[in-house]
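Q: As given, the protein sequences belong to chains R and X, one line each in that order.
Residue 74 in the numbering used here sits at position 74 of the first sequence, and the numbers go up by one each step.
Residue 81 in the numbering used here sits at position 81 of the second sequence, and the numbers go up by one each step.
Read the hints as simulated data drawn from the structure, not as lab findings.
Here the structure is a predicted model, which means the values were calculated and not measured.
Treat the hints with care, as some may be off.
BS3-like, lysine-lysine: derived pairs with alpha carbons at most 30 Å apart [what the hints assert, rightly or not]:
{"no.": "1", "chain 1": "R", "residue 1": "K123", "chain 2": "X", "residue 2": "K143"}
{"no.": "2", "chain 1": "R", "residue 1": "K123", "chain 2": "X", "residue 2": "K71"}
{"no.": "3", "chain 1": "R", "residue 1": "K136", "chain 2": "X", "residue 2": "K131"}
{"no.": "4", "chain 1": "R", "residue 1": "K156", "chain 2": "X", "residue 2": "K45"}
{"no.": "5", "chain 1": "X", "residue 1": "K143", "chain 2": "X", "residue 2": "K162"}
{"no.": "6", "chain 1": "R", "residue 1": "K156", "chain 2": "X", "residue 2": "K131"}
{"no.": "7", "chain 1": "X", "residue 1": "K45", "chain 2": "R", "residue 2": "K199"}
{"no.": "8", "chain 1": "R", "residue 1": "K123", "chain 2": "X", "residue 2": "K45"}
{"no.": "9", "chain 1": "X", "residue 1": "K234", "chain 2": "R", "residue 2": "K4"}
{"no.": "10", "chain 1": "R", "residue 1": "K116", "chain 2": "X", "residue 2": "K131"}
{"no.": "11", "chain 1": "R", "residue 1": "K95", "chain 2": "X", "residue 2": "K143"}
{"no.": "12", "chain 1": "R", "residue 1": "K136", "chain 2": "X", "residue 2": "K45"}
{"no.": "13", "chain 1": "R", "residue 1": "K168", "chain 2": "X", "residue 2": "K131"}
{"no.": "14", "chain 1": "X", "residue 1": "K234", "chain 2": "R", "residue 2": "K9"}
{"no.": "15", "chain 1": "R", "residue 1": "K120", "chain 2": "X", "residue 2": "K71"}
{"no.": "16", "chain 1": "R", "residue 1": "K116", "chain 2": "X", "residue 2": "K187"}
{"no.": "17", "chain 1": "X", "residue 1": "K72", "chain 2": "R", "residue 2": "K123"}
{"no.": "18", "chain 1": "R", "residue 1": "K156", "chain 2": "R", "residue 2": "K136"}
{"no.": "19", "chain 1": "R", "residue 1": "K123", "chain 2": "X", "residue 2": "K187"}
{"no.": "20", "chain 1": "X", "residue 1": "K172", "chain 2": "R", "residue 2": "K95"}
{"no.": "21", "chain 1": "R", "residue 1": "K120", "chain 2": "X", "residue 2": "K234"}
{"no.": "22", "chain 1": "R", "residue 1": "K116", "chain 2": "X", "residue 2": "K234"}
{"no.": "23", "chain 1": "X", "residue 1": "K234", "chain 2": "R", "residue 2": "K13"}
{"no.": "24", "chain 1": "R", "residue 1": "K95", "chain 2": "X", "residue 2": "K131"}
{"no.": "25", "chain 1": "R", "residue 1": "K116", "chain 2": "X", "residue 2": "K172"}
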Amino acid sequence: MLDKIGIAKRIAKEIQDGFYVNLGIGIPTLVANYIPKGMNVVLQSENGLLGMGPFPFEGEENADLINAGKQTITTVDGSAFFDSAASFGMIRARKVHLTILGAMEVSENGDIANWKIPGKMVKGMGGAMDLVASAKNIIVAMQHVNKEGESKLLTKCELPLTGVRCVKKIVTELAVLDVTPQGFRLLERAPGVSVEQIKNATQGRLIIEGEIPEMVID
Amino acid sequence: MNKTVANAEEAIKDIADNAVLMLGGFGLCGIPENCIAALVKKGTKNLTCISNNAGVENFGIGLLLKTRQVKKMISSYVGENAEFERQLLSGELEVELIPQGTLATRCMAAGYGFPAIFTPAGVGTEVAIGKESRMFMVDGAEKEFLMEYAFDADFAIVKAWKGDTHGNLVYKDTARNFNHPMAMGGKITIAEVEELVPAGELDPNHIHTPGIYVHRIFQGVNYEKRIEQRTVRKR
């Protein structure tokens, strides 16, 4: 079974040289730490930056320079600032190659729910609806089951949707899966996890074809 | 073309009760601190605030919420603010949550003279309820888009880094965020800047918001520039 860092490391392997990538809050943010050295990847922060760098050194924090999670950050060489309309313009125009975000639920047809739990305080969708509606490729980092042990990979999402038929790939603590027109296709097992475990943790339609390899994570 | 006013009090003096305001900033980054303080002091009531966020309990728009001057918030993410939550749950405050890109683009549309725009954000979700939609071809496939109207705000209140007496604005780092599209989208745009210079001192090649969009400008004072999430790394 993978921990959060394991999920981030596995997702980092999906990033290709030359990609512009938008990372959501939580596990997706950790992915930045595992992008292979020497690979040219530019991180987009939807509040108006291409070329997001690491957190600043203590004492060098700049209130004017934050990421979409409102954390102080730095820029890297070749960065560019822009306004919020331009930022979502480049997202809508599909210039960003890959969006990585978290989810509460994903359905077998690629619907995603990650912004609202009815009855609880609603904080808002932020940029998530724009990102999922336009991204060329969306990878979801999530837990396979909730705290009660119930599957979050469903036939149909129960929570209010963020976007429809948009998720392409899911990486959980148990597995890597593609979302296909036929349902969730199991691609890889996490170390020490059996196909049976994944079957039991997946409520939506699961496609298992041939031998399912174990993930390779450095 | 001198747009200069003395201070925040003068800049906001004709903002009346029930006004619809656009307020620039993302989180606490690039917010018009001086104008917010002046609105609190003036006590203007029943405001509709179009702003990506709602500030924190004791800073930013949170200050206007605390004094119950806000009737309605139109935002994409309202975050962690206990007073906001209390007012929302008690029904004192109306909140319309919309996607962040839709928010930015509805501001931009107002500044570009588009009555409405089409966006795929929110298709198939509760955001789409009651909205017109249309199919367009995208990359060889039909895709659904929602029609979203340009905002019709009485005032836009923005914060820039530098500005000149003609109202030309330059922002710093990620503090540009909603300030630029809102500056373009307001019927009357008020800009507060950290440094106000005479016309001619800013390089015309480096202007972000052309002064035609700005009606009043002043140099703000005592910027706190509070940081919401201070994150650092070890040396």
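Q: Just to be careful, I want the Cα atoms of R:K123 and X:K143 compared with a cutoff of 30 Å; is the pair within it?
A: holds, 28 Å
Q: Against the 30 Å threshold, does the CA-CA distance of R:K123 and X:K71 hold or violate the hint?
A: Status holds; Cα separation ~18 Å.
Q: Please verify whether R:K116 and X:K187 have alpha carbons no more than 30 Å apart.
A: violated, 34 Å
Q: Mind checking the alpha carbons of R:K120 and X:K71 for me, to see if they're no more than 30 Å apart?
A: holds, 22 Å
Q: Has the given pair, R:K120 with X:K234, been kept, meaning a C-alpha gap of at most 30 Å?
A: Between R:K120 and X:K234 the Cα gap is close to 37 Å, so the pair fails against 30 Å, i.e. violated.
Q: Given the hint that R:K95 pairs with X:K131, does the C-alpha gap stay at or below 30 Å?
A: holds, 27 Å
Q: Check the hint pairing X:K45 with R:K199 against an upper bound of 30 Å on the C-alpha distance.
A: violated, 57 Å
Q: Is X:K234 within 30 Å of R:K13, Cα to Cα?
A: The given pair, whose Cα atoms are some 26 Å apart, holds under the 30 Å limit.
Q: R:K156 and X:K45: Cα distance at most 30 Å?
A: Given that 30 Å is the threshold and the Cα spacing comes to 44 Å, the pair is violated.
Q: Decide if the proposed pair is consistent with the structure: X:K234 and R:K9, CA atoms, cutoff 30 Å inclusive.
A: holds, 22 Å
Q: Taking 30 Å as the top limit, are the C-alpha atoms of R:K136 and X:K131 close enough?
A: Roughly 25 Å between the alpha carbons, so the hint for R:K136 and X:K131 holds.
Q: Do the alpha carbons of R:K156 and R:K136 lie within 30 Å of each other, as the hint requires?
A: holds, 22 Å
When the structure is compared with the earlier hints, violations turn up for hints 4, 5, 7, 12, 16, 21, 22, 25 and for no others.
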